[in-house]
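Keeping their order, the protein sequence lines are chains A and B. Position one of the first sequence corresponds to residue 253 (the working numbering), numbered consecutively onward. Position one of the second sequence corresponds to residue 493 (the working numbering), numbered consecutively onward.
Simulated from the structure, these hints should not be mistaken for laboratory data. One or more of the hints may lead you astray.
List of simulated lysine to any residue pairs, SDA-like, C-alpha gap at most 20 Å [stated by the list, open to error]:
hint: 1; chain 1: B; residue 1: K607; chain 2: A; residue 2: G393
hint: 2; chain 1: B; residue 1: K607; chain 2: A; residue 2: D368
hint: 3; chain 1: A; residue 1: K262; chain 2: B; residue 2: R605
hint: 4; chain 1: B; residue 1: K599; chain 2: A; residue 2: R423
hint: 5; chain 1: A; residue 1: K262; chain 2: A; residue 2: V514
hint: 6; chain 1: A; residue 1: K262; chain 2: B; residue 2: D668
hint: 7; chain 1: B; residue 1: K607; chain 2: A; residue 2: I322
hint: 8; chain 1: A; residue 1: K262; chain 2: B; residue 2: N538
hint: 9; chain 1: A; residue 1: K370; chain 2: B; residue 2: K527
hint: 10; chain 1: B; residue 1: K607; chain 2: A; residue 2: P443
hint: 11; chain 1: A; residue 1: K262; chain 2: B; residue 2: K607
hint: 12; chain 1: B; residue 1: K527; chain 2: A; residue 2: V514
hint: 13; chain 1: A; residue 1: K455; chain 2: B; residue 2: Y506
hint: 14; chain 1: A; residue 1: K452; chain 2: B; residue 2: K607
hint: 15; chain 1: B; residue 1: K652; chain 2: B; residue 2: E678
hint: 16; chain 1: B; residue 1: K599; chain 2: A; residue 2: D323
hint: 17; chain 1: A; residue 1: K455; chain 2: B; residue 2: Q510
hint: 18; chain 1: B; residue 1: K652; chain 2: B; residue 2: D608
hint: 19; chain 1: B; residue 1: K677; chain 2: B; residue 2: N538
hint: 20; chain 1: B; residue 1: K527; chain 2: A; residue 2: N510
hint: 21; chain 1: B; residue 1: K607; chain 2: A; residue 2: M253
hint: 22; chain 1: A; residue 1: K371; chain 2: A; residue 2: E392
Remember, predicted model here, so these are calculated numbers, not experimental data.
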Amino acid sequence: MLHGTELLKKGFAKMTKGGVIMDVVNVEQAAIAEDAGAVSIMALEKVPSDIRAAGGVARMADPTMVQEIIDEVSIPVMAKVRIGHIAEAQILQTLGVDMIDESEVLTPADDTFHIDKKKFTIPFVCGARNLGEALRRMDEGAAMIRTKGEPGTGNIVEAVRHMRIIMGQIRELQNKEEEELWTIAREIESPLELVKETAKLGKLPVVNFAAGGVATPADASLMMQLGSDGVFVGSGIFKSDNPEEFAKAIVEATAHYNEPEVLADVSRGLGKAMHGLEISEIADADRMQDRGW
Amino acid sequence: MIIIGILDLQGDVYEHFQIAQKALDNLNVEGQVIKVRTYEDASQCNGIIISGGESTVIGKLIVENGIKDAIIKNDIPVFGTCAGMVLLARKTDYDQPLLGLMDMEVKRNAFGRQKDSFEQEIDILGEKYSGVFIRAPAVDGIGDKVQILSQIGNIIIGVKQGKNMAIAFHPELTEDTRLHEYFIKEVL
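Extracted from the complex, chain A is given alone in its bound form (with noise of 0.2 Å):
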């Protein structure tokens, strides 16, 4: 009997395609993802705009808290660990927790290193901004990548960007000569045979959800429809007039996201969804985005 192949981790991330990830900050919220129809949960301290508006060091949540919604719901539970902080990733992972996202929106714990994922049992997920830092980190065992977006801000722009620049990165792969893609690879600074599989493939060889930034059904929907396998909503759900009919709607729009008339349904009475931030307004230093390496 085999644990914690790579086979087992990328395919519990194919398992979540189609799907919603939403991020909890309580046993409440995670019951109300749960019957929303959410696909797996993200448990942290606080939602990313609150983060974001707190300052100061955000680490991994408090582990009574991770093992009260692990108890709680019957889907998966993912959590967060600062980058390059095997510890906490150690404790996630002995907790029970089904995925750990080395996260952005989290103070780095190393400038220089990634975890390396490979040695874990559990699967990880890692933000990407383009298909170099993508491959970097499948390369380190990622079993699945998110665009990074903006984390906190309600604004799908970042994360439109980041997706837009993969698949148009993929896109230019599968135009190049073999020989090619050994330059391409150096430019991108990663693994060869990681380029070359995207190539054959035309697509990343693992799943790639959108996050930072979804606030609506239409952002899900609009992210699915540039490719996406399944979205992730951080503070878009909890910080929005009315969590359980927007966590629904979402759900719905993210299923169907081709299809205008049901998003039209979805979309009609939610109330105000959660007040959002102009990208340029937030200070260098405060990008999230930049943060991972």
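Given chain A, put chain B in place with the hints provided.
Relative to chain A, chain B alone:
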């Protein structure tokens, strides 16, 4: 002309689509694999495959958009893997919408969480398969009409009732077309 539908709402739909297409080619059967998103899509299928994914999510969506009604009204055979097995059950250990086409009870996450997910060789009807079990369910009790296809020790992981089939693992992740071929032959 046979139409095999892959339920396309949530889960590893693409992987099932590829394997089902290959299975049709291998059998040299005139047919088509389609993605099922609506009542109308479902109604034209000779058989429907439900992928792995989250049974709570898929169950909710097939009730809301009428696919469950289409399957029951037209008596369409279903092959379910993992989450699909859960949905075929009459009852599970959790309160959730189900198809309930097979007389069995299913326990979700019967082997534990993701860290307990495993690969193991298993035996189905005398043939070896590489079993990929991801937060997998198991059958926790069956009625008289349900036939056992596979077990790990005394834990039931594969069953059949009439033309409906349910397995706890993921043949679609191993490029193995045999179970898809078996199902297609059943519904021919």
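Right, here's what the structure says about each hint:
Between the alpha carbons of K607 (chain B) and G393 (chain A) the distance comes to roughly 16 Å, so the proposed pair stays at or under 20 Å and holds. For a cut-off of 20 Å, the pair hint linking K607 (chain B) to D368 (chain A) stands: about 17 Å separates their Cα positions. Between K262 (chain A) and R605 (chain B) the alpha-carbon distance is near 15 Å, which keeps this suggested pair within the 20 Å criterion. The hinted pair formed by K599 (chain B) and R423 (chain A) fails the criterion: a straight-line CA distance of about 43 Å is larger than 20 Å.
A threshold of 20 Å between alpha carbons decides the hint, and for K262 (chain A) with V514 (chain A) the separation of about 31 Å lies outside it, so the pair is violated. The hinted pair formed by K262 (chain A) and D668 (chain B) meets the criterion: a straight-line CA distance of about 17 Å does not exceed 20 Å. Between K607 (chain B) and I322 (chain A), the direct Cα distance comes to roughly 13 Å. Compliance with the 20 Å bound is thereby established for this hinted pair. Taken as a hint, the K262 (chain A) and N538 (chain B) pair is broken in the structure, with Cα atoms around 31 Å apart against an allowance of 20 Å.
Annotation: proposed proximity of K370 (chain A) to K527 (chain B) is violated, straight-line Cα distance about 35 Å (limit 20 Å). Pair hint K607 (chain B) plus P443 (chain A) does not hold up; C-alpha atoms about 28 Å apart against a cutoff of 20 Å. For the given pair, K262 (chain A) sits about 13 Å from K607 (chain B) by alpha-carbon distance, which is consistent with the 20 Å threshold. For the hint linking K527 (chain B) to V514 (chain A), the alpha-carbon distance of about 18 Å falls within 20 Å, and the restraint holds.
Proposed proximity of K455 (chain A) and Y506 (chain B) is supported: the alpha carbons are some 13 Å apart, at most 20 Å. Between K452 (chain A) and K607 (chain B), the direct Cα distance comes to roughly 31 Å. Violation of the 20 Å bound is thereby established for this hinted pair. Pair hint K652 (chain B) plus E678 (chain B) holds up; C-alpha atoms about 11 Å apart against a cutoff of 20 Å. The suggested pairing of K599 (chain B) with D323 (chain A) holds, with an alpha-carbon distance near 16 Å, which does not exceed 20 Å.
Note on K455 (chain A) and Q510 (chain B): the hinted pairing holds, with a Cα-Cα distance of about 15 Å set against a maximum of 20 Å. Of the supplied pair hints, the one linking K652 (chain B) and D608 (chain B) is violated, its CA atoms being roughly 26 Å apart against a limit of 20 Å. About 11 Å separates the Cα atoms of K677 (chain B) and N538 (chain B), which keeps this hinted pair within 20 Å; it holds. Taking the CA atoms of K527 (chain B) and N510 (chain A), the gap is about 13 Å. The hint holds against a cut of 20 Å.
Our distance criterion of 20 Å between C-alpha atoms is met by K607 (chain B) and M253 (chain A), whose separation comes to about 13 Å. In summary, the hint linking K371 (chain A) to E392 (chain A) is supported, as the alpha carbons are separated by about 10 Å, within the 20 Å threshold.
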